[in-house]
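Student: Taken in order, these protein sequences are the chains called A and B. With the first letter of the first sequence counted as 1, position 269 gets the number 269 in my numbering; the numbers rise by one all the way through. One rule links them: number in my numbering = place in the second sequence (from 1) + 342.
Treat the hints as calculated values from the structure; they're not laboratory data. One or more hints might be untrue.
[Unchecked claim] Restraint ranges, calculated between C-beta atoms of paired labels, are given here:
1. B:R660 to A:T138: 23 to 31 Å
2. A:R299 to B:L481: 57 to 65 Å
3. B:G612 to A:V124: 55 to 63 Å
4. A:G217 to B:S571: 35 to 43 Å
Think of the CB as a built atom: it goes at the ideal place given N, C-alpha and C, for glycine as much as any other residue.
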Amino acid sequence: MTTPLLEIRDLKVSFRTDDGVVQAVDGVSATLNEGETLGIVGESGSGKSVTMMSVMRLITDPNAKFEGEVLYKGTNLMAMSQDEIRSIRGAGIGMIFQDPMTSLNPVYKVGWQIEEQIREHEKVSRKAARDRAIELLTSVGIPNARERVDAYPHQFSGGMRQRVMIAMAVSCSPDVLIADEPTTALDVTIQAQILNLIKKLREDFGTAVVLITHDMGVVADMADRIAVMYAGKIVEQGTQRELFYDPQHPYTWGLLGSIARLDRPRPRRLAAIPGLPPSLLHLPPGCAFADRCPHRFDRCAEQPALLDRGGDGHLDACHLTRQEKQDVRDATIHPELVEERP
Amino acid sequence: MLTFIVRRTLWTVLVMFVITAVVFIIFFKTPGVDPARAIAGRNPSPQTLAEVRAQFGLNRPLVVQYGLMMKRIFVTRNLVSYSDQGELVVPEIFAAAPATLSLVFGASLIWIVMAIAMGVAAARLRGRIYDPIMMILALIGVSTPVFWLGQVINLITQGKLHTSVFSWVPPLGYTSFTTSPALWFEGLIFPWITLSILYIGFYARVLRANLLEIQSEDYVRTARAKGLSERRVLMRHTLRTSLITFVSLFGLDFGALVGGGAILTEVVFGIHGVGFLTWQALQNLDLPTIMAVVIYGGFFIVLANALVDIGYAWLDPRVRPT
Chain A
1 MTTPLLEIRD LKVSFRTDDG VVQAVDGVSA TLNEGETLGI VGESGSGKSV TMMSVMRLIT
61 DPNAKFEGEV LYKGTNLMAM SQDEIRSIRG AGIGMIFQDP MTSLNPVYKV GWQIEEQIRE
121 HEKVSRKAAR DRAIELLTSV GIPNARERVD AYPHQFSGGM RQRVMIAMAV SCSPDVLIAD
181 EPTTALDVTI QAQILNLIKK LREDFGTAVV LITHDMGVVA DMADRIAVMY AGKIVEQGTQ
241 RELFYDPQHP YTWGLLGSIA RLDRPRPRRL AAIPGLPPSL LHLPPGCAFA DRCPHRFDRC
301 AEQPALLDRG GDGHLDACHL TRQEKQDVRD ATIHPELVEE RP
Chain B
343 MLTFIVRRTL WTVLVMFVIT AVVFIIFFKT PGVDPARAIA GRNPSPQTLA EVRAQFGLNR
403 PLVVQYGLMM KRIFVTRNLV SYSDQGELVV PEIFAAAPAT LSLVFGASLI WIVMAIAMGV
463 AAARLRGRIY DPIMMILALI GVSTPVFWLG QVINLITQGK LHTSVFSWVP PLGYTSFTTS
523 PALWFEGLIF PWITLSILYI GFYARVLRAN LLEIQSEDYV RTARAKGLSE RRVLMRHTLR
583 TSLITFVSLF GLDFGALVGG GAILTEVVFG IHGVGFLTWQ ALQNLDLPTI MAVVIYGGFF
643 IVLANALVDI GYAWLDPRVR PT
């Protein structure tokens with residue numbers, strides 16, 4: 001087996017705060033192979049962004065503590081010096097952030113900001129970097145790139161700024177593109193355009209993508225494999241097909257159940273997962289989802305491991321057996337369908 | 343950009359007009375004060391009073407009085423200070439201005455360099471002991487009264503040590519650059535330090551707070567994610583945007599100081615600049631001089647403000663008119 005492009009091994013990230021230690025990421029392991037798209041899904045505070053920010057070593061908080069390994073082409077990023085990690089950031093791994101309105105420096109021209117990155121990693125002339133910036137802006141669908149290269153971020157709309165961010169992230173042809181909720185701050189119509197753009201770039205350059213989102217619809221469209229995060233842990237991980245057609249964790253069921261679907265009878269009320277995610281300060285010793293889970297039973301007081309319970313590479317962290325899950329799953333995801341049965 | 347500058351300049355002229363009008367009204371129309379008596383100095387003779395009344399047209403309409411006054415200040419420049427042996431006020435201010443400008447330029451150069459160095463270092467070394475140490479030093483700088491600091495420095499450099507370590511320090515006073523550049527520099531070095539210490543402390547603290555705030559901005563994170571060095575992130579991204587606040591503060595302070603705000607430093611070190619002139623005029627209730635100095639000071643503040651606005655547009659493309 002070849003080494004995966006990016007491999008996260010038992011990553012733990014905690015923050016010391018006045019109230020105690022917050023375990024934001026608690027033993028996350030994941031792999032990303034060349035050309036693959038990994039979707040990381042979870043609600044706010046589930047640790048998905050912190051995980052990927054830690055991979056890039058972008059968390060500068062002195063109170064943060066990191067454990068585990070992140071292997072990029074076999075080298076541990078966590079053990080690298082600042083200078084070494086810098087040569088990976090932007091060149092080997094590019095990153096797109098959530099809010100394009102604030103992610104570009106307001107006082108520099110967009111072209112300059114792209115050129116800055118190119119010239120940081122490659123010995124090219126200013127002219128060559130500029131030509132490449134124009135080329136990149138054209139390829140992400142900015143009309144009149146030759147003129148717009150000298151515009152400032154505030155002269156662009158949100159969607160256009162996200163395009164600029166993407167152009168910047170791929171400017172040094174990275175192997176991995178981390179997209180942290182790239183469409184969350186955008187209009188629905190723009191969202192689709194941005195996702196299509198990421199898809200196109202992925203195909204054109206063979207870039208592997210880590211897509212962080214809370215939107216099941218986005219990963220359904222984009223991801224080859226999906227990891228579902230809850231309270232700092234991955235609770236289920238499998239291929240896109242497995243996740244959508246054979247989900248194993250009650251939390252995933254909750255996420256799927258809360259999507260309005262056009263191909264199903266309309267529910268009287270869109271389902272929601274009751275309760276709130278637990279505070280990461282005082283995590284219960286057992287399953288973190290137990291308090292919100294409709295299928296809670298005795299064993300939930302004991303921490304479930306992320307295991308391959310069916311022998312098919314589909315991992316989940318729930319004590320229920322596959323058979324038990326199958327019995328209760330449909331009723332949990334689509335109660336309205338069950339009710340309507342004679 | 344050009345239309346913006348033109349518009350800003352016209353606006354500046356308007357504000358300057360308002361300043362002269364307000365100052366004029368304060369000095370000439372304060373109820374219960376006879377302007378003639380105020381202008382004529384202490385214990386004027388009846389002839390002087392009559393002369394002043396006629397000269398300033400004090401029994402003519404207000405607009406005419408204002409016009410006559412402005413003509414004296416700006417056109418004929420023959421406003422006379424009666425309490426100061428008939429000295430002409432406007433040339434006196436112009437003669438005093440180079441000393442003030444020398445003082446303020448030098449001091450501001452020191453305080454900009456020092457404040458940026460300290461602010462950046464403190465922000466960089468945050469979480470280590472150097473940061474609070476520097477900020478306490480800055481606080482001491484802000485809290486030290488200029489007149490006290492100046493006197494202590496004088497005690498040291500002009501007192502016992504004047505015969506040994508500080509023998510190169512010339513006696514108090516100002517030597518113009520054209521007379522002797524060396525004396526100009528030696529005489530100003532301690533006034534520069536004294537004046538700049540307050541501002542170093544203040545600016546360093548403001549800059550540090552601003553840098554720390556901007557460090558958590560999304561675009562700084564983007565800059566890091568691009569693989570830039572910490573140094574470049576700090577200088578090109580964090581500091582560059584922090585300078586917007588810095589420049590606006592600087593414009594105001596610089597304007598105020600050139601306009602006579604360095605009064606304490608000038609008096610303590612015997613530098614005959616605009617502040618010193620103001621101090622003398624205040625002691626003698628020399629109304630024409632006070633009035634002219636107030637207008638002159640106001641002009642500099644307004645001018646500095648206009649320059650700041652233009653500087654803003656240069657620093658921050660978002661406020662740049664298109």
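Student: For every hint, state whether the structure bears it out.
Tutor: To see whether the hints hold, each was checked on the structure:
1. B:R660 to A:T138: 23 to 31 Å: Hint holds: Cβ distance 26 Å, inside 23 to 31 Å.
2. A:R299 to B:L481: 57 to 65 Å: Since the Cβ atoms of R299 of chain A and L481 of chain B sit about 60 Å apart, the hinted range of 57 to 65 Å holds.
3. B:G612 to A:V124: 55 to 63 Å: With a Cβ separation near 60 Å, G612 of chain B and V124 of chain A satisfy 55 to 63 Å, so the hint holds.
4. A:G217 to B:S571: 35 to 43 Å: holds (39 Å)
In the structure shown, no violation is registered for any of the earlier numbered hints.
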